[in-house]
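Starting from the known structure of chain A, fit chain B onto it as the hints suggest.
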Amino acid sequence: MADTTLDAKGLNCPLPILRAKKALKSMEAGQVLAVEATDPGSAKDFESFCNQTGNELVSSSEENNIYHFEIRKT
Amino acid sequence: MADQKKLAIIATKGTLDFAYPPLILATTAAALDYEVTIFWTFYGLQVLKKERNLKISPLGNPGMPMPVPMPVLVQAMPGMESMATVMMKQKMASKGVASIEELYDMAVESDVQMIACQMTVDLFDFKHSDLLDGIEYAGAARFFEVAQEADISLFI
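So the sequence lines, in the order shown, correspond to chains A and B.
Each residue of the first sequence is one higher than the last, beginning at 1 in this note's numbering.
Each residue of the second sequence is one higher than the last, beginning at 1 in this note's numbering.
With the rest of the complex left out, here is chain A:
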């Protein structure tokens, strides 16, 4: 279960990543941020974001053109 959720639907690059970064900043290590986005580029972007920041991408999925991500802050 996510500790915080971020609705990034309708936002385009780079806003979903910037908003996610901001949300993670106010969270504790180990907590999970759930993100919903509609930007088709976000699937690769969140993977790259986590690879580079060391946060863990717990899950990444897409349903009806909505992308769901769960990120655990490290």
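Calculated directly from the structure, the hints in this document are not laboratory data.
Since the model is a prediction, treat every value here as computed from it, not as a measurement.
Not one of these hints is a red herring.
Heads up, incomplete: computed chain A residues facing chain B, CB under 8 Å, no partners named:
#1 GLY10
#2 LEU11
#3 ASN12
#4 PRO14
#5 LEU15
#6 ILE17
#7 LYS21
#8 PHE49
#9 GLN52
#10 THR53
Idealized CB from N, CA, C, for every residue including glycine.
Relative to chain A, chain B alone:
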């Protein structure tokens, strides 16, 4: 952080469309924990103005998608630049693209360092009071001091 990655960008363009790449890359790099510096020079200084009036021009840009095919001479008519600018801003808002104002504020918020090229400030007769607060004024030597420490340097 001693091992923090660093990005140095030279931003030279002063149109609405080309104000985006430096600010998108700077804010994203900051979100990826880079220390970012943008060196604004020549027309890039327009992005630093307190009273920004960035425009887009279809002239001389055959790559710009137009709603209807438009001969170059028509694109040169008075008012076409303003019309193209209004249309582009509407398009961007409808696609959830951030405004330049939003991106610039987010860059400042995430400690992106802004350096304005003093030589071009003089060249264009800009005053420091015309430009936003929190900007450093320096020359090429300052850029190299930043760039030699940078992992990535971009010229835009």
